[in-house]
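Asks: One letter stands for each residue in the lines below.
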Amino acid sequence: MRLLSITNRYYLGLLIILLMVWSALFYWVLQYEVYENVDEVLAYRKNLLVDQIKKNGELPIVDQYHDFVIMEVNNVPPNFKDAFQDTLVHKWRKSFDEYRRITSYFELNEKFYRVSYTLPHMEHDEMIETMAYTLPIFLAMLLIGYSVMVTQLNKRVWRPFYSILSKFNAFSLESAKGIDFDHASVKEFRELQQGVKDLTDRSINSYLQQKQFTENASHEIQTPLAIIQAKLELLLQDAVTQRQSEILEDVFLAVDRLSKINETLLLLTKIENNQFPEKSEIKIKPVIEDLLPYFDEQASKYNIQVNVEIENDESLETNGPLFSILIANLLKNAFVHNLLNGKIRICTKARVLEISNTGPELNVKPEKLFERFYTQAAGKGGAGLGLALVKGICTINHWGISYTQTDGLHKIVIDYSEVNNLK
Amino acid sequence: MKILTVEDEFNLLESIQEYLMKENYECDGASSLTEGIERISNDRYDCILLDITLPDGNGLKLLDRIAEQIEPPTVIIISAKNSLDDKIAGLDLGADDYLTKPFHLSELNSRIKAVARRKGNKSQKYLVVGNVSFDLINNQALIDEKSINLTKKEFDILFYLAENRDRVLSKSMLVKHIWGDTIYQEQSFNFLFSHIKNIKNKLRYRNALLSIRTVYGLGYQLRSDLQESA
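Residue numbers (numbering that gives the first Met the number 0), protein chains in the order written: chain A, 0 to 422; chain B, 0 to 229.
With the rest of the complex left out, here is chain B (with noise of 0.2 Å):
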């Protein structure tokens, strides 16, 4: 997958880059609004990542060109713009999603991830991982084709992990992914300790070949046993 990342701010640019790089995504970038022009009409891009405020212009401004293109890419605007109006607007004109700075890079990349599943074909709405596969129509985790009935928040923060494997999430992203921004509290901290202990156990229990690693302090992280006998 090929991914532009138009964003102004270099810091923020590299950071993102060197984020999804690590997920074997292509990744190019463009600091300005012309940059970035040239770039999708030389080349084909699956996602763009897209600021909307620009040193030449508004960013909304390349949804145009890219609504020519005969199969266009997919498009999450990421800005620092957190109106509700420029979400509507920015949807209205063809994109896909949209991210409010600050956002956390695993967020994105479980944004983008969302995005090209809903684009792309029925077989992409599956992820595995060890022996566990994800069905996101009914929102379950499968070993042998058997639900390990988790629920629906057990679901979202162990596919919120899939999605990010091998990276160490914060208890803080967790809980902002699967709570809100509104709604998360200190008290959730303690609500995500025992949610993820009750999918380590049905995990445990079902014998998959994930782990969940405790960091300790900091978060979580989901590694595949699979993997790494292999």
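Chain A extracted, bound-state conformation (with noise of 0.2 Å):
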């Protein structure tokens, strides 16, 4: 839900509730004003009408076209003020209209009489009528009102906001590019502002830092690495006991693999920092077709069957070197991972490269799969970084890759279709 929406919404629930208690007000004021109105008119003609009685000693002949009606009684009850009702009087056309009543008493040589004057008013029939037709039409034009003025104010006012929202999702921390406002006039704009730029720059900086530590890190590291490899290759060629030997293969393993690792973060990180921008035509086929026969041994030890189906080979812009890490990548991952008598097929379509191999079953979320270091095949001699590699280098292209896992077959699916690659 939207901000916009969400203020209106409360605004116009509250102005609903407040112009419903209002219309309520709005009745019982209107009718006490009319019942004073007519009760004060009311008073007035019975006074005059009991003065001109008073005045001409003897009463008036009353017929029904007058309002009020005066009857003789045989005493006034005690402190009685002049009272009024309402009531309801038959007219012709079958109709009772509301009237209001004064009943009141008085003397007139030594008798008491009653004196009752009626006179309509405004009724509650119509006035609810009235103010059903009219009300609602008031309602919504204050509505209507109210919300165009509320959203194109609101449109206005929050402009500052929104262009500092969309700015803030377009920052991408790769493109190391901090956030440029246009200036806002209101106070608390211009502090979020500062407040997104300073969160921004900094997250850029430590970006920066820690890319570039990653950087000098792995460097620095390369040069010891290659001190012990040479030295250990000196050592090697001097006469070493069995024993000997078999310690310093160890070594030579372990320090093939720490530089492995470090190596591959070092790609990894430069990939990530996007420094391998050239780019050239490549054919998919031939890189497969280059790549397979170093894995020859392992197909023919394990007779597994490789079927690649690639007719039309499609050409795709992208680095050349990285490419081969990829296919490598997922070659090796499909040969490694892969079981006695098995079967690995590689194939293209519609933009979209396939590699599938037959393998143990494996109880991993798809995403986990292409995380850093993360190996569940013990003792495969993998740091977990070879799928690392393959997503790290389909992010920098903008293509899709995904993992499905059906009846024992593992596929890994790359797509590298236009509408991705121009992202």
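Keep in mind that the hints were calculated from the coordinates and are not lab data. Certain hints may be false.
Claimed, not checked - Quick list of simulated restraints, FRET-style, between CB atoms: (1) Gly407(A) x Asp165(B): 47 to 57 Å; (2) Ile260(A) x Asp42(B): 35 to 45 Å; (3) Asp42(B) x Gly177(A): 48 to 58 Å; (4) Asn302(A) x Thr150(B): 11 to 21 Å; (5) Ile260(A) x Ala113(B): 25 to 35 Å; (6) Asp165(B) x Pro276(A): 40 to 50 Å; (7) Asn302(A) x Gly93(B): 31 to 41 Å; (8) Ile246(A) x Ala113(B): 26 to 36 Å.
The C-beta atom is built at its ideal place from N, Cα and C for all residues, glycine as well.
With the hints as a guide, bring both chains together as one complex.
Replies: Structure, rendered in structure tokens:
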């Protein structure tokens, strides 16, 4: 829900409640005013009538065309004040109309009389009817006017906020470019801009530092590793006992592994930092055919059947060496995590590359598979960086990558369609 | 062959020189860019091993100086930077090869020879050890001008051993050389073992005067039986 609609909703709700309360109050007040008015008129007319009677000393002739009725009574109730009451009077056309009646007493020539004076007044039905017609129109106009005004006003007032929001959304750490805001006249928005700017600048800073750190650290590690390796190799040439040579080989392997992890991490960092901008037209089939012989031994030892189904070899615009690394890692993954008498199928169709292989069941969330240092097959010698590399290469190329597992068949799909490519 | 190594890390420079001197190369060392420039202006080298990150500047600057020479030496860049753009930048400027630290000295040796072969005349394309000659055009080992029918990988292994003959090459060095960085894995050691077994059989069958010695737990060493008998 949008910010503006949520405030609008509350405002409108409140407005409707207020207007309803106001309508009720208005009705009551109006009614009170009407009664007061009618009662005043009644009292005045009655007094006028009584004064007139007392002046004349005789009762007037009362007929049905008069609004008053005079009756002789035995006595006046004690402490009597003029009484007002509502009454319905049956008029012609068979309808009752609402009337107001005043009842009073007066004395004339030692006799007591009761006088009632009746006048029509504005009817409740009519009042409510009129209100029922006019109020909704009034309300609707008010609400529409209010909505339009508030929406326009809000749009104007909140414009800097939405500008901040869209710039913040467009912000990418990798580009390492800070956000430039237009000057906002509202203090709070200026503060927000400053806050966002500080935050993003700080993120960029630490991102760049981290980037630099990984790169520097890897470089610095490579040199001592190179020395260790060179010295070991010199040591190797001297006559050593079998026990010593076994130890040496283990050290060699450990150094190799360390340097491999280090190199891969460095490569990953560089890929993520987009340091491989060179691109060329690459055909997929030759890359696969160049790399497959490296796995000949693996294929024959485990009797793995490899099917490459690429008929119309599509070309794609990407960095050649990185693409080879991608394919090599995918192939390695497919061979290493395979079974005896297993199968590997590689095919392209509609700008999608699919590599599927038989293999033991995996209990893993697909997204976890592409994380750094994720490895489930213990003792296979991998550091769990191969698929992280694959993912990294896909990401910088804006290719989609997904992993699925069905009936012991593991499938990695890389979607390098133009739509993704252009993004 | 005269080789100049420009490397600021003394320990590494020393090791490289020690290894290369055993190959009967004439070796000079420089530990900075300035020293390197001085060396190449005073002397003629066949090959330069060049580190890029030097204390007083980028080693790639040396490539400009080298390009000015009439008979420029071959250049192999040795760098901790393994970024592909450095590689491209280096090769564009006229370097012949690129090795990422850490590297094996045997690999460096093999690269120096390969670079020299590429620049040299045709006769250098053959290497002879014992009675076995290596035909690098057809990737075949010959005894008495007849191929001993090695597969591509078997040839690569044997040739790598031959180039570094009399040296002990560890299994991991061989595996890395044959299968490359990305692909090799624990399994590869078993594959190497069976390849070596096949090579040995093929050599024995043709009475080759060279042998592959197995250094237990560690690796292999190629020796010419001819030299020993002589």
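Asks: If a hint holds in the structure, say so; if it doesn't, say that too.
Replies: Structure-based check of each hint:
1. Gly407(A) x Asp165(B): 47 to 57 Å: 50 Å, holds
2. Ile260(A) x Asp42(B): 35 to 45 Å: For isoleucine 260(A) and aspartate 42(B) the Cβ distance comes to about 40 Å; the hint holds.
3. Asp42(B) x Gly177(A): 48 to 58 Å: 52 Å, holds
4. Asn302(A) x Thr150(B): 11 to 21 Å: 19 Å, holds
5. Ile260(A) x Ala113(B): 25 to 35 Å: Taking Cβ atoms as reference, isoleucine 260(A) and alanine 113(B) lie about 28 Å apart, which means the hint holds.
6. Asp165(B) x Pro276(A): 40 to 50 Å: At roughly 45 Å between Cβ atoms, proline 276(A) and aspartate 165(B) fall inside 40 to 50 Å, so the hint holds.
7. Asn302(A) x Gly93(B): 31 to 41 Å: Once the Cβ atoms are compared, 48 Å apart, the range 31 to 41 Å for glycine 93(B) and asparagine 302(A) is violated.
8. Ile246(A) x Ala113(B): 26 to 36 Å: 32 Å, holds
When the structure is compared with the earlier hints, a violation turns up for hint 7 alone.
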